[in-house]
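Asks: Spelled out, the chains give:
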Amino acid sequence: MDELRPVKIVARVLNDADGSAYIEWGKNKILAGVYGPSECVPRHEQSLYRAVVRCRYNMAPFSGMEEHGRSGPSRRSKELSKVIKESFENVIISENFPKTQIEIFVEVLQSDGGTRCAAVTAAAVALADAGIPMKDMISAVAVCKIDGKMAVDPGKEEDNFGESDMPIAFSPRTGELLLYQMDGLLTRDELAEGLKLARDASEKIRKLQVDAIKKVYEEPKEERFLIVK
Amino acid sequence: MESINEVKRDSLLALLSAGKRADGRGMHDYRKITLQPGVTQNAEGSAIATIGKSQVMAGIKFDIAKPFPDRPTEGVLSTSADLLPLASHLFETGPPGDESIELARVVDRGIRSANIIDLNSFFIEAEKVLALYIDIYVLDHDGNLIDASSLASMAALLSCRMPKIEEGKIIRGEYAGKLPIKEKVVTCTFGKLGERIFLDPALDEEKGMDCRLTFATTSQHICAGQKGGWGAFSEKDLLHLADISMEKGAELRALLPG
Chain A
1 MDELRPVKIV
11 ARVLNDADGS
21 AYIEWGKNKI
31 LAGVYGPSEC
41 VPRHEQSLYR
51 AVVRCRYNMA
61 PFSGMEEHGR
71 SGPSRRSKEL
81 SKVIKESFEN
91 VIISENFPKT
101 QIEIFVEVLQ
111 SDGGTRCAAV
121 TAAAVALADA
131 GIPMKDMISA
141 VAVCKIDGKM
151 AVDPGKEEDN
161 FGESDMPIAF
171 SPRTGELLLY
181 QMDGLLTRDE
191 LAEGLKLARD
201 ASEKIRKLQV
211 DAIKKVYEEP
221 KEERFLIVK
Chain B
1 MESINEVKRD
11 SLLALLSAGK
21 RADGRGMHDY
31 RKITLQPGVT
41 QNAEGSAIAT
51 IGKSQVMAGI
61 KFDIAKPFPD
71 RPTEGVLSTS
81 ADLLPLASHL
91 FETGPPGDES
101 IELARVVDRG
111 IRSANIIDLN
121 SFFIEAEKVL
131 ALYIDIYVLD
141 HDGNLIDASS
151 LASMAALLSC
161 RMPKIEEGKI
171 IRGEYAGKLP
181 IKEKVVTCTF
191 GKLGERIFLD
201 PALDEEKGMD
211 CRLTFATTSQ
221 HICAGQKGGW
231 GAFSEKDLLH
241 LADISMEKGA
251 ELRALLPG
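In order, the protein sequence lines correspond to chains A and B.
Sequential numbering from 1 applies to the first sequence in the working numbering.
Sequential numbering from 1 applies to the second sequence in the working numbering.
Keep in mind that the hints are not guaranteed to be accurate.
As the list claims (entries may be wrong) - DSSO-like mimics (lysine-lysine), calculated; alpha carbons at most 27 Å apart, straight line: (1) A/Lys-27 x B/Lys-169; (2) A/Lys-215 x B/Lys-178; (3) B/Lys-164 x B/Lys-182.
What the hints contain is simulated information worked out from the structure, not anything from laboratory work.
Just so you know, these numbers come straight off a predicted model, no measurement behind them.
All chains, please: the whole structure from these sequences, using the hints.
Replies: In structure tokens form, the structure reads like this:
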């Protein structure tokens, strides 16, 4: 019940982006790229006090098992873009960069349940790779309730047939929750158990994130390539 | 931006006039090319192609669709391209622009004209055919996206599985063998600056060049062409580039699986 699917994170897989990361989490395959801080356009969206953080979460039309997806943002992807952006607004030290923008782009190449948590996890690594100063490295994981029991990291099937789903992103340093969503029915005790499961799992994720960043500097390369197995 | 491109044009012209390229390549050399077919499993076919630092993924999905009224027994082939904002500081979010539409249509034309997919075999029953969607996903932009996209699309097609169909519906996750592909289509794109013509323009060269020309080829034929940019090519240029495209096309085909 406290077991994660296999997670693999590689930082700096793109050449043009200021920062990038690729994550495989179960069968999820997600690419994150970061640009910035750069001049904020359009200018009326500039802040005199801090960098504007933007996020686009997007699913490739071929990412799902079912039919060909429609291009362009859906209501779901707009909501996820918003909650992911807000999570990072908490940790990015944006007051260092007035009048600029920091853009986070997440592309889901293959989806397998829990894409938003994998997206946040990859985006945090991409931001660190871009050298954006942050107060903390965000790690995210979902918990669910299946057959009356709380479990960590539901796959697509468990997500669809589970009784409750609760994705959470933590700021591990402070222990605070930066992304929180849930649906389904839980008792108060189940909520407490779920939070504990998520926190323990997010610690494991955080270690993988830090290792991915370290590896960029241990193995410097001229050209970077996305290797998808 | 425009002034930077003017400076680039000048330095590029000086180099090319001396018969050189910024990265030391010959005029008819590709940068390093890599291919990874079958990179995702939910898509029926997929691949990543890289040329230099350009990285392009192609994914293929099948759906059930209504045939076009004028071709009631033929399946549908549809190609689109996304210039992802994470691929370049030059790309923005929003609906597809003219650049991505041209990219998708050039790749589509090569595959369509060469008839490498038997669209008649996509017929299921009256008013019901299979639709094959090729989605070109540009991940990293360092120039010559046309050739990288056509390589990724071709590698994805060659690794593509046929969906299993029962009672007029696609059974997801089950497959009925491989998608038969008759021929390998590849494109060769050239840049022109002044009187100099060079294969596989890198991004810096694209910014400075006057125009470009793409030929899609099979082993026997030229199957699509596209000229872009404000500059012009002579008839002699065109015939010369057709010859080189056939020759270089054979090299590209040798890289493709199957």
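Asks: For the pair supplied as a hint, B/Lys-164 and B/Lys-182, is the alpha-carbon distance within the 27 Å limit?
Replies: 21 Å, holds
Asks: Mind checking the alpha carbons of A/Lys-27 and B/Lys-169 for me, to see if they're no more than 27 Å apart?
Replies: 25 Å, holds
Asks: Would the hint linking A/Lys-215 and B/Lys-178 be met if the CA-CA limit is 27 Å?
Replies: 38 Å, violated
Hint 2 from the list above is the single one not met by this structure.
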